[in-house]
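Chain order of the listed sequences is S and F.
Just so you know, we're using UniProt numbering here: the first sequence kicks off at 1 and counts up by one.
Just so you know, we're using UniProt numbering here: the second sequence kicks off at 1 and counts up by one.
Check the hints yourself; a few may be wrong.
It does not matter which identical chain is used: a pair holds within one copy or between any two.
Each computed DSSO-like pair below joins lysine-lysine, with the alpha-carbon atoms no more than 27 Å apart [to be verified]: (1) K107 - K191; (2) K121 - K191; (3) K75 - K21; (4) K238 - K107; (5) K107 - K146; (6) K121 - K143; (7) K125 - K75; (8) K191 - K271; (9) K132 - K238; (10) K166 - K191; (11) K143 - K166; (12) K271 - K107; (13) K231 - K125; (14) K238 - K75; (15) K132 - K231; (16) K75 - K107; (17) K125 - K238; (18) K146 - K166; (19) K271 - K166; (20) K75 - K143; (21) K191 - K125; (22) K21 - K125; (23) K21 - K146.
Hints were generated in silico from the structure; no laboratory data involved.
Note that the structure is predicted; figures quoted are calculated from it, not measured.
Number of protein chains: 2
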Amino acid sequence: MDCNTATLSEIEDLLRRFRFKEVLSDDTSSKTIWLLGTIATTNVTSVDDEPPVPGQNAAIVVLERLAFSPQTIAKADCSLDSVLLATGERNDVYAWATGDARVAALKPDVRIALTYPATQKHIDKHRRQQRKWVCETPELYAKVTKPFIDSQPASRIQWVYNILSKQVESEHILFEDPDPERGFVIVPDLKWDATNMDNMYLVAIVHRHDLRSLRDLTNSHLPLLYNLRSKAVVAAQKYGVSSDQLRLYIHYQPSYYHLHVHITNVLLEGKGMLAGRAHLLDSVIDNISNIASDYYQRATIPYVLGSSDELWSHWAAHQNTSSDEPTTIST
Amino acid sequence: MDCNTATLSEIEDLLRRFRFKEVLSDDTSSKTIWLLGTIATTNVTSVDDEPPVPGQNAAIVVLERLAFSPQTIAKADCSLDSVLLATGERNDVYAWATGDARVAALKPDVRIALTYPATQKHIDKHRRQQRKWVCETPELYAKVTKPFIDSQPASRIQWVYNILSKQVESEHILFEDPDPERGFVIVPDLKWDATNMDNMYLVAIVHRHDLRSLRDLTNSHLPLLYNLRSKAVVAAQKYGVSSDQLRLYIHYQPSYYHLHVHITNVLLEGKGMLAGRAHLLDSVIDNISNIASDYYQRATIPYVLGSSDELWSHWAAHQNTSSDEPTTIST
């Protein structure tokens with residue numbers, strides 16, 4: 001990275017003048033935190049009680065811990081002399097501690113992003129949304145989720161129909177089985193750069209329009225699911241990803257209500273593959289074929305809703321009008 | 001967390017005597033790195049060219065960047081005066097930099113785990129490994145996995161029995177239901193710093209010794225599972241984490257074959273919560289109580305094996321001696 005001394009001192013000056021007001025959100029998995037504050041007019045460290053005004057003195061600072069650099073550590077023949085411990089425990093051959101890693105080979109240790117002046121839109125974007133589990137019983141599916149799905153305007157998934165009918169993106173289609181019942185297309189996911197095979201991310205979108213989600217699947221759809229699984233394996237092999245290196249899964253709730261299957265390299269890990277959102281295709285097939293053909297009509301399915309999800313307000317409305325049913329984990 | 005000064009200086013002494021030899025592996029998503037080295041006989045910082053000998057001078061150090069604590073940052077009214085920048089760029093209202101976060105409110109910044117002496121098994125476990133999916137049918141469970149579990153020496157989980165019988169770590173027990181059939185203890189997970197509630201990570205370990213994994217659960221264990229779920233919710237509430245903010249799950253394969261349930265804040269995300277390893281307790285209960293009491297004896301369960309997992313070689317041995325059954329996704 002090009003380091004301009006003038007730029008560095010400008011940023012250092014802004015950071016010195018940053019007055020913390022509020023934690024907007026944080027993410028413990030990426031070890032990132034979003035702070036709202038103000039940029040004071042001077043860098044004198046004194047009490048500065050100006051409230052943040054969007055578009056004027058408001059500033060957002062994002063702090064993210066940096067991953068270690070194996071190259072730097074190996075090159076420096078890393079010693080741990082100067083680590084300052086805060087807490088520690090031992091048990092047999094194991095010891096654990098937390099501390100302040102004051103070791104050059106472990107630096108830099110933080111990435112800082114500053115937005116100044118920050119607008120209200122910047123602030124809203126970084127404020128933490130609430131999240132909560134709901135336990136969707138078949139009854140709650142019928143009362144809350146299905147009416148929500150039924151109310152979705154067709155225009156919402158017009159883009160899916162455009163792909164299936166090859167009105168757009170037809171050059172991106174990697175594979176197609178045109179059968180109206182068992183057929184589907186496979187396209188690269190938008191999140192994939194289409195070059196790094198460790199991150200391979202494809203999506204299979206079924207041709208039929210009547211399957212909105214996991215809840216609609218029964219044993220009558222097994223021919224479609226078997227067909228999709230076997231052909232997805234062949235499509236992925238073209239990218240050098242073998243069948244035992246694939247993660248095939250269906251989201252519930254999905255981001256759009258037209259059945260699609262995610263096809264990723266097992267090395268790719270993230271929020272989208274978490275239990276409670278990702279349902280492995282092999283388990284879906286086993287549940288329907290081996291356990292019960294109406295498994296997905298009978299199962300209670302837990303998932304996490306975020307306050308910015310549209311479905312959130314439907315659950316909230318339901319919970320306000322009925323107190324006779326548990327919608328979350330019952331104690 | 002209880003900090004014993006003697007323990008701290010013991011660990012500091014070990015770290016001062018650590019001589020780096022090799023990066024075993026690293027994970028940029030969790031910002032963790034695994035180092036192999038030796039513990040020198042003195043803490044004189046001189047060249048020490050002894051090669052690591054497993055079971056003798058070999059040591060593994062795991063360094064993991066810690067998530068920021070919103071509580072600490074808010075309480076300290078965090079200023080960023082003393083951040084030392086290494087690189088920086090600006091564009092319009094945006095600025096980015098990397099640096100050394102020399103700010104008390106951002107400490108501690110590293111978690112250190114030390115294993116000494118480290119055996120060859122410890123070293124192999126942390127070396128970068130191959131991974132592949134297996135689809136464990138009930139037949140393959142009976143042929144491959146169950147014999148492996150049965151062959152585990154009792155000494156492997158002596159540490160679990162020590163916790164249950166309060167011979168060690170009894171001060172860490174957050175909750176206990178002593179009932180021999182339905183009872184369990186709740187302890188903080190070793191991966192948790194016990195201060196940041198966003199990362200809350202507890203483990204409930206059942207008192208009975210006969211349940212080795214998910215595969216053993218039937219409707220006869222529902223009283224245990226219901227009891228555990230409701231009391232885990234109460235235990236987590238003491239940490240300010242409400243029932244709809246909890247992720248309760250069971251690993252399959254687990255890291256040790258004595259039934260335990262992971263209790264984490266929904267905000268905590270990582271490899272341990274991925275579909276194909278984490279089985280949500282609510283789904284487990286629903287599968288057994290509502291779908292089929294022998295669900296976990298009948299289900300085909302897919303999971304990812306790593307080449308350093310002991311079970312990997314058992315599957316490999318099976319696959320070499322039998323070619324009549326598909327053990328991975330069939331095409």
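Status of each hint after checking the structure:
no.	hint	in the structure
1	K107 - K191	both (17 Å within a copy, 23 Å between copies)
2	K121 - K191	within (21 Å within a copy, 36 Å between copies)
3	K75 - K21	between (40 Å within a copy, 11 Å between copies)
4	K238 - K107	within (25 Å within a copy, 37 Å between copies)
5	K107 - K146	neither (45 Å within a copy, 46 Å between copies)
6	K121 - K143	within (25 Å within a copy, 53 Å between copies)
7	K125 - K75	between (40 Å within a copy, 24 Å between copies)
8	K191 - K271	both (13 Å within a copy, 19 Å between copies)
9	K132 - K238	between (40 Å within a copy, 18 Å between copies)
10	K166 - K191	within (21 Å within a copy, 49 Å between copies)
11	K143 - K166	neither (36 Å within a copy, 48 Å between copies)
12	K271 - K107	both (25 Å within a copy, 25 Å between copies)
13	K231 - K125	neither (34 Å within a copy, 35 Å between copies)
14	K238 - K75	within (21 Å within a copy, 46 Å between copies)
15	K132 - K231	between (36 Å within a copy, 19 Å between copies)
16	K75 - K107	both (13 Å within a copy, 26 Å between copies)
17	K125 - K238	neither (35 Å within a copy, 31 Å between copies)
18	K146 - K166	neither (29 Å within a copy, 50 Å between copies)
19	K271 - K166	neither (30 Å within a copy, 37 Å between copies)
20	K75 - K143	neither (56 Å within a copy, 44 Å between copies)
21	K191 - K125	within (17 Å within a copy, 30 Å between copies)
22	K21 - K125	within (17 Å within a copy, 44 Å between copies)
23	K21 - K146	neither (38 Å within a copy, 56 Å between copies)
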